[in-house]
Amino acid sequence: MSASITVIPGHAERPIAERLVINTVTARRMLTGFIADEIGKTGMKRAVLGLSGGLDSAISAYLSAEALGAENVLAVKMPYKTSAQESTTDADRVIEALGIPSLTVPISGMADALIGQFAEMSPMRQGNIMARLRMTVLYDQSVAFGGLVMGTSNKTELLLGYSTVYGDSGVALQPIGDLYKTQARQLAEALGLPESVRLKAPSADLWAGQTDEGELGFTYADVDQVLYLLVDERYSVAEVIAEGFDAAFVQKVWRRVKMNHFKRTMPNIAKLSRRTIGHDFLYLRDWA
Amino acid sequence: MHLSLGLAQIYPKLGDVQANLDKHLAFIAQAKAAGCELVIFPELSLTGYQVQDLVPEAAIEPVAGNPYYGPLLEASREIDIVFGFIQQDERERFTISSAYLSGGQTLHIHRKIYLPTYGMFDEGRYFDAGETARAFDTRFGRVGLLICEDFWHISPPYLLWTDGADVMIFTSASPSRGLDGSDRLAGSRWVELVNQAYGSLFTSFVIHCNRVGYEDGKNFWGGSSVVGPDGEFLLHGHYFDEALLTSTNDLNELHRTRSRLPLLRDENPHMVLRELGRALGKEGHS
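Protein chains in written order, with this note's numbering: chain D, 1 to 288; chain A, 1001 to 1286.
Worth flagging that the hints you see were computed from the coordinates, not collected in a lab.
Among the hints, erroneous ones may be present.
[What the hints assert, rightly or not] In silico contact screen, one side only, chain A against chain D (beta carbon under 10 Å); selected entries:
#1 F1136
#2 D1180
#3 D1241
#4 L1244
#5 H1255
[Said to hold, decoys possible] Covered stretches of chain D, as calculated for chain A (at least 3 residues, CB under 8 Å):
#6 58-72
#7 281-287
[Claimed, not checked] Which chain D residues stay away from chain A? Per the calculated CB distances, all over 10 Å, these:
#8 D37
#9 E86
#10 S102
#11 L160
#12 Q174
#13 K271
Note that CB positions come from ideal geometry on N, CA and C, so glycine has one too.
So here's chain A without its partners, still in its complex pose (with noise of 0.2 Å):
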């Protein structure tokens, strides 16, 4: 089986909402012009990033009857559609939210976990935390989705590939940081060393979709790419500016480096669980 992906590296617009459905309902024509089978917008793509104070406003809830979503529930009847937004519910509580639309139906949301509070990032600010890594099903078979700093942490991916997920989707809104010498930023070399990591590792398919664009003199890089199950890049190297990128990976590679490599079949989760439980134990932990 192929899967036939477009990353829509963009540059959404702080806080303004309706532009940046415009802007995604644009890129998923293309996409589906393109033959791509499933678009994937980075994280807050609808909202911007640093949208603090205008958090309330720039919320949605994710029904078909909400002027944001149900446009884009609808144009996931042709073409399978990843993007991020301000989930609002109904007790006024805010999360950053990515959701898996597919057949005009949401498969999946995804609640960040990790939100970063500290440096430049301000997320425990003005957002609740997720509590779930749960994969899902879908026709290009079981996925999982994580937000940025959920996989700077190793355990989420982990959980999401105990749980079956065969295709892991991170998305993200990283700023530019870490400017020396090298090719690439410290930042952007960071994200791209974890992402073969958790390719070799899991013996998946790690596909990153990163925003690009400026905000208050930060920069976001882009770069999003796909990594193999044999952990080496399938795309790559695309920074900085606002792109359609596109990928038709083979899924049938999964098999075929496993039966190379079964790190997957020989991994034992209960022991992990076991040890786990007597660690957090000992430590006093709860």
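This is chain D alone, in the form it adopts within the complex (with noise of 0.2 Å):
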């Protein structure tokens, strides 16, 4: 009897890597926008932004050259010694196909200054050193160039806290903070990005073999999906295990989230008075 009787099953839920596909003709919309309008507002109409020859920062000097006139762009490539040769060559790449103005501001003459002055100095010290420095330069170049300091963090690594605070962090608005890493790459295809660019291993370049998914431990494929479940879904740890991702890793990912907060926060401000910077004290940073 049952066999005559005909059963149609609904949808699947949706695999999670599907769910952080996006429409990049919208993303691009909205960001170049952003970009141009945050820029306006401060009554300039400039960008300087560092180079690496790495996707996320390439994604911003597209985007900015998008929204600004090429003309009004300045890219800095700022190597230290061990940086890899082919970083320069992708910046170069990226510097050629936008036609924007570009300045080559090597690092290696202040940061052995630093470095040099301690006998043993771990890589990650170095690496914060290196990226302070280049903070540094750039926000020189924005007052010669007359043009805001670009961002150029994307979601997942603000949310890992895989920067270094002061350092590439130290921007003046961030385009692309709202894009995990997965996100960028798709956004990056669309932007037509060269290959060599967009197709090689994510690093900070901060040592030679250095590779983001090395030091991190996992792939950006994986830690995605997990930061997508607990940050824009609002899953639990409990949940994201539930749904197959192995519980250490899952632990470990929101360890990290909630350990480098305070890299996504201003500093605290001990409140006295009645009204307090930080506490009550509430406008908007476009307020002015």
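Take each chain as given, in its own frame, and dock them per the hints.
So this is what it looks like as structure tokens:
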């Protein structure tokens, strides 16, 4: 009897990776609009950005050039003596493709002036020094060129705290800070970034052979799904584990997000008066 | 009867009431030139949205002598105007309000009832909530006016419908959110879905005016629209850019749709009232 009943299954729940797909036309429009608007509100029309040869700074460069006009975006290359040659080559590909003005300010001399004062300095300390020197160079160029310092951080690294506080995080605006790395890759393809930039392994290039995924101990493809569930969809850690992700991995990711929250907020001000900056003196950044 | 509309999908400047007034007057002049009889501005069109501690200095009293309200009243002698502002009462209380001006008079002021205070929203911190949802008569028939979160709740549109509104005017400052693989943002899809639902369920015109621009990284998606009494879009799909969108609507469509589909005739608000009373009484609410 039951054999005559037709059973029609509903749609299966969409795989998590599929839920990270973005409409790149909409993203491009909103982000170029954001850049033009945010810089225009300050009375400026130009931007300065550090171009590493990697994916994220290349995306920021493409969006900035589209938003502001190529002549209004200054790309600054800031190699250290251990930086890979291919990083410079890829940065040059971006500069050439966009036709934006560029400048090279090597940081080896200034970095070594500090690094050399200590006998043993860990790669992390050295990397942080490099990131902060690059910030210093960019803010100097910001005045010289008359443009705001463009951020290049994506949502994945902001959440994981995979950045140097007051280094690469020291910027005036963050156009791609709400795109996970895997979403940034989609945008990069839509923007037509050079293939060598899009397809190489992400790296902070602070020392030879360094890769993000090697250092972090997991892939962006995996961690983006976990972060998407935890942050965007507000899954609990237990619910993410129940989706089939390794428990230790999920816990490690959430611990990193929590541990690095200080990098995403302004330093706390001890409240004494009735009205205190950061507590109850409330105006948008766009106020001025 | 026809209604020639202009939806002024503007980008207000945060906290700069004079600059925004000037923009209103420019859009009003343009709407008049385009033959519009009614021009609608978004929520808080005179102040911008995330006003925070700017509330007291950006607030106005809706009286002819006010230097910002007066010019709009004057402009309404030639074209009906709906606009959004922070309303201040004589005792330092503030509401998010929208006024309908016509013939140099204030026909109606709606005070926003539902103040979203969750996620990215913080309205309850700064504003007092309105307490009424009332329809009012205009030269285009009876109209209802709601602001943003008011129409995310089903009851205010229902109350206005019951009070005789055939044309719903919804204004908003709706931030863009929910980028996914779809052709529209999830937030936009939701608003458009409910607006079509209201048009269909109430066999009424639903006019929505949403702002554009950016405030601290938040984008506002625009997409101002008109839904007819059969639930179909009559104006739709203009996202992100500042513009005056115009649309001429045949209000006789109300009668034709309701002849075919007498949802209003058959609606039983007395049953609703009775059952609401029972449900609330039974649950122990007051």
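* To do: Check each numbered hint against the structure and report the violated ones by number, ascending.
  => Going through the list in order, the structure violates hints 1, 4, 5, 6, 8, 12 and respects the others.
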